[in-house]
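Q: Fit chain B to the given chain A structure using the hints.
So the protein sequences, as listed, match chains A and B.
Residues 0 to 298 in numbering that gives the first Met the number 0 are what the first sequence spells out, letter by letter.
Residues 0 to 260 in numbering that gives the first Met the number 0 are what the second sequence spells out, letter by letter.
A portion of the hints provided could be inaccurate.
Which residues of chain B face chain A? A few of them, derived with a C-beta cut under 10 Å, are [unchecked claim]: (1) 25; (2) 63; (3) 93; (4) 197; (5) 211; (6) 226.
Hints are computed from structural coordinates only; laboratory data are not their basis.
Just so it is clear, CB atoms sit at the ideal spot from N, CA and C, and this is done for glycine as well.
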Amino acid sequence: MPRPPSRLATTPGTTEDRAAARAAGRDRGGRAAGRDRGGRARSGTAQGRWLPVGGVAVALAIFELVPRAGLVDDRFLPPVSSMLVALLGMVSDGSLRLPVGQTLLGWALGLGLAVLVALPLGILIGSVFLLFRATRSIVEFLRPVPSVALIPLAVLVFGVGLESKVFLAAWAATWPILLQTLYGVRDVDPVATETARSFKVPARTRLCRVILPSALPYVATGVRISAAVALILVVTAELVLGAPGLGQQINIARQSAAVETMYGLIIVTGLIGWGLNAAMARVEARLLAWHPSHREQAR
Amino acid sequence: MTAPTRSARATGLGLEITVPVAVLVLWGLASADSDSFYFPPLVDIVRAFGDIWLFDRVGSDVVPSLSRLFAGYSLAVVAAVVIGLALGSSDTARKMCDPVVQFLRAIPPPVLLPAGILVLGVGSGMKVALIAFVCFWPVLLNTIDGVAGVDPTLRETARSFRIPPGERLRRIVLPSAAPQIFAGARVSLSIAVIMMVVSEMVASTDGIGYFVLQSQRTYAITDMWSGIFLLALLGYVLNALFLLVERRVLRWHRGARAGSA
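So that you can see chain B by itself, here it is in the shape it has in the complex:
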């Protein structure tokens, strides 16, 4: 890439702001007198969004969805990091677990839904358990990898200086593995959202996924679009929040990398 000139940079910033606005305006204008059943006018969707999601159905659908998401996700991350730390520090355990973990992670998550319904019923517990189950593997794999990849010189140095194991874990192993753990946690977050939506579509009486599919089935198309918009916003906001946390926690890491480059 050639380095863009100053004016190109300014134009770029302008474009970055104006193009999305232009797209929305175009969509709004193009759909304004749309009588297509599937693609209602954008204005109507936005109005429906305000009516439905600005606090009318927050308590009945958004809160249950998000609480299941967070319960399952945090369970999975905590368990995966703890178990991953244990497995990653033993070469034998790591090699023994590898194929099993690889296989369990390769199962497309939604496939587990029928099994989950069978074993745990259709309640919130099943959804939390399934979200936790599918989020567990990417974090586990990355934790194991991160722990196994701790710089041996560092590890040996710590051992030579007789730094106690607890301290070693907190000061050396965890920080070294953190970037990889975060990479896994980010993958898991998107899987968690998928699992949340699908589990609500298949077996639920509340939640955003349920609402969206139900709206489609009752041909409330504008409502369905508003639900899709909400899910899109949710995906975006969750991702942004995650990046914010990651940037905070890994600030030292970025600095270290930039310094050595």
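Excised from the complex, chain A in its bound form:
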């Protein structure tokens, strides 16, 4: 397929994202594409650099002026400045550190567990054709199951603490990684595997030198999707079950009518989600700098 000329015309940020999406999501009709836009820095002209800043300023101004002008009741939506003041208050008196830590701990354990389970399983299923067919219908059935449906089960089995959070996050995060790994392994260039096999390259070397490197972009996309999903599930568990963490704090703030604090905490979770996504994208770019889909990024 000839390179679409659009790569020449659009900003580097969007083209590289699209290239990565194309590389990683080819097989599944761009399933990955929806989440493929990390918070990567966009380069461009001097004017282009200031536009995002201007956009943020406009958005802040709207959220400041609309409540101040009385267009909405400020008991429900206070001006953004008072949300930020509440947020800064929580940062400075240190009350934010514990819930953020609890949320991130649940996220990291859940995602880590998912990687530990899904990566080997994906490689195994991806490399054995019969295993792939045998598990396909089960995987295809379980994957779209809304993971929040398991919340009641998690409470029964694991209680309302950290274990529940980790279980839910790990369950939800397993599927994207598993599927991306599986399709990544199946998409390895047959010439490469055949060549390695003819040269009697031992299986383990073949795995490390041929299969893993070429599946890595898929895996990376899977992990990035899973990172976002795991955070959603962790926060949901805190919100619904009252497991300690940011979600629980938000609920408490609402019940005690601390509206500014509630919005401040919501902003924090948004920033965490955005930051994790950006960090993942950066790690991925660093890790895959050698890969064709990422090469132009190295500049």
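A: Quick look at chain B alone, frame taken from chain A:
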């Protein structure tokens, strides 16, 4: 991958059918005389499923859930595509919106529930609004991206031939952006289901999410399992329906890709 032989292919198809059946049978046998409180016999769950969901609670729980889901989801998709088309065609607007949209999309959706309850109460309106809000961003981002990524040669050609803007939008921009719009819509669909369930768990007196959590709280474990089964089926069916629509709408796209490969 080596190309599987013909017999391997046949065995594969056989496995694809028999393994899930075997798993279910195994589960059924293993749990048949289970006296574990949390994991009741599969047969009981299936029986409860029939009793509860084969039309007994469809009107009281399934219909409200699904109507909220579809109302919110369709609102979000229509709004996001319209706004995305507008934003995507202007470079300045796109760059200005980018960080704000990125941030709003990064908020884990369920976190907005307390704010939604505060502003809109606990009624159906709040749930529809929240579902619409969280589904909006992925579709918007992908629409903007898709529109911005329309092949410039195509765009310029259309302009040189003085094809009117409306026609250009319908014949060039929308079709080029469609694959990406669908990718976003698919992400949104799964978020919509999550939001539907969570909003019912937190603040509702009807709906499947409410039923499941309520069953757990009253220790009606078999009923809870039947609800989980229903949600699983629902997720699967919605996804399958979506793929069906996508395949239909994007048929030309697949053909074009296959042809050029």
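Q: Hint by hint, work out which the structure violates, then give me just those numbers in ascending order.
A: 1, 2
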